[in-house]
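Residue strings, one per chain:
Protein chains: 2
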Amino acid sequence: MKTISTAKSHDGVQGVYSHASEACAGDMTFAVFVPPQAKHGPCPVVWYLSGLTCTHQNVMDKGEYRRLAAELGLIIVCPDTSPRGENVPDEKDNWQFGCGAGFYLDATQEPFAKNYRMYSYIAEELPALIAREFPADMKRQAIFGHSMGGHGALTIALKHPDRFKSCSAFAPIVHPMVAGWSKPALEKYLGADETSWRAYDAVALIEGGKSFPEFLVDQGKADTFLDDGLRPWLLDDACKAAGIPLTLRMQEGYDHSYFFISTFMNDHLRWHAERLAK
Amino acid sequence: MKTISTAKSHDGVQGVYSHASEACAGDMTFAVFVPPQAKHGPCPVVWYLSGLTCTHQNVMDKGEYRRLAAELGLIIVCPDTSPRGENVPDEKDNWQFGCGAGFYLDATQEPFAKNYRMYSYIAEELPALIAREFPADMKRQAIFGHSMGGHGALTIALKHPDRFKSCSAFAPIVHPMVAGWSKPALEKYLGADETSWRAYDAVALIEGGKSFPEFLVDQGKADTFLDDGLRPWLLDDACKAAGIPLTLRMQEGYDHSYFFISTFMNDHLRWHAERLAK
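The listed protein sequences derive, respectively, from chains A and B. Following this note's numbering, the numbering of the first sequence begins with 90 at its first residue and continues without gaps. Following this note's numbering, the numbering of the second sequence begins with 90 at its first residue and continues without gaps.
Heads up, a few of these hints could be off.
The list treats identical chains as one, so a pair stands whether inside a single copy or across any two.
Unchecked claim - Using 27 Å as the maximum straight-line C-alpha spacing, the simulated BS3-like pairs for lysine-lysine come out as follows:
1) K128 with K310
2) K203 with K310
3) K91 with K310
Simulated from the structure, these hints should not be mistaken for laboratory data. Predicted model, so just to flag it, every value in this text is computed and none were measured.
Just need the whole structure built from these sequences, with the hints factored in.
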């Protein structure tokens with residue numbers, strides 16, 4: 090692991106790091122905030138997965154998580170959203186596919202199967218690195234994210250209910266199999282057989298029997314992607330049918346941006362901290 | 090005035106606007122956060138002046154001022170740092186001069202005198218626009234800033250002690266006449282006669298008899314610009330000699346970045362809110 094930068098912030102350390110990733114067959118960059126409490130012992134880990142077009146940097150700059158994370162003693166890990174680099178296949182004019190659009194899945198189709206393995210990266214490789222390199226209490230982990238990253242948080246939590254004590258999302262893509270802006274990506278990464286897509290779709294996972302203790306979702310009502318890409322009511326239906334408690338808060342006037350995310354960041358961090366303390 | 094964007098944030102509105110500026114002979118962009126309290130009446134105005142290379146956007150993205158401004162009921166105005174545009178003379182390879190480096194002064198030298206009039210812009214033209222277009226209580230104003238913007242805040246406050254109820258700064262350039270990274274700019278904007286520079290230098294203004302009720306300054310001790318560019322002890326000396334109370338906090342381990350600024354943003358907003366309430 091290579092340290093790209095560190096800066097003191099809110100009495101903790103905001104760092105940016107890179108490492109050679111086996112899962113993604115290339116260098117990956119990520120950000121970690123370590124709170125001041127880590128001087129005295131391992132701290133719980135909260136994973137934040139970002140949305141389409143983002144890197145680790147968007148939430149690091151605009152997410153406004155450090156003040157409360159420093160107060161609550163939370164390590165915040167912010168990975169990149171896809172593999173990147175000269176040898177990574179990409180569609181430069183398509184913001185919904187390729188670089189910046191890894192969809193937290195393991196691609197099976199060529200030429201993407203070699204690098205686009207964000208599911209294995211986030212679920213297996215990066216946690217091992219975090220456990221090794223940071224003062225992290227890996228018995229206490231939580232996960233959340235925004236948009237495509239909300240999709241990532243929901244699906245990864247549903248597959249690892251024993252690992253994560255809590256899961257929440259800002260404006261998640263809850264049913265990417267049917268959403269206009271994600272369906273083409275699933276097809277290119279996973280092939281035409283839609284049954285293979287269900288492993289990376291929160292609604293389909295719940296329909297298929299996966300479960301989680303409870304979810305918190307915030308969704309802006311002025312989000313221009315609400316009706317086509319996001320449709321949180323589909324998650325609400327699936328959770329109701331499966332008996333999973335979902336706190337879905339439709340927020341009047343808020344859009345899809347980090348102005349929305351940062352407004353409700355503290356609510357989510359408190360939600361996680363309460364459950365991590367149990 | 091043209092609205093470029095607005096987004097709901099912390100129950101207020103973060104907007105970006107542009108207008109044809111007479112002072113700068115061209116279009117200028119700025120950001121304004123209006124807190125929810127403005128629905129019920131005019132709110133006090135806090136001016137944040139940014140540092141070298143910044144636009145209105147850096148602090149809007151990374152300053153983390155909205156949560157507390159929304160709680161305290163403060164309008165936050167974040168102007169650009171210089172004129173910009175095709176017809177504005179610039180030195181593209183020099184980050185300490187030209188675009189992004191207006192130094193909050195009125196240039197007298199050609200070819201800069203036409204556009205580089207940030208003092209008149211911030212002290213006269215933009216306040217008139219804010220008073221006209223926003224629910225602003227112009228009888229209650231405060232000013233602060235970072236680095237070059239800290240210099241701007243200090244000098245403008247010293248010239249307008251009756252307008253501003255409070256002034257603070259993050260890592261300000263307190264004595265630009267003698268600092269390596271600002272002296273060449275003063276010479277190019279104002280000419281070789283150093284007596285003309287004193288009107289835009291906090292230490293020189295205080296030595297010349299200008300005063301202000303009190304200042305708050307935070308300075309990171311790990312700031313790489315501390316010894317050459319910033320030297321807050323020179324302000325401390327000048328304030329002591331003039332009997333101006335200065336709260337100078339040297340912050341262990343903090344650098345010059347927005348990770349530093351956002352850490353102490355709430356302290357500064359509370360400092361201003363207390364004095365604006367008097």
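Checked hints:
| no. | hint | verdict |
| --- | --- | --- |
| 1 | K128 with K310 | between (41 Å within a copy, 21 Å between copies) |
| 2 | K203 with K310 | neither (38 Å within a copy, 46 Å between copies) |
| 3 | K91 with K310 | between (41 Å within a copy, 25 Å between copies) |
The structure does not agree with numbered hint 2 stated previously, though it agrees with all others.
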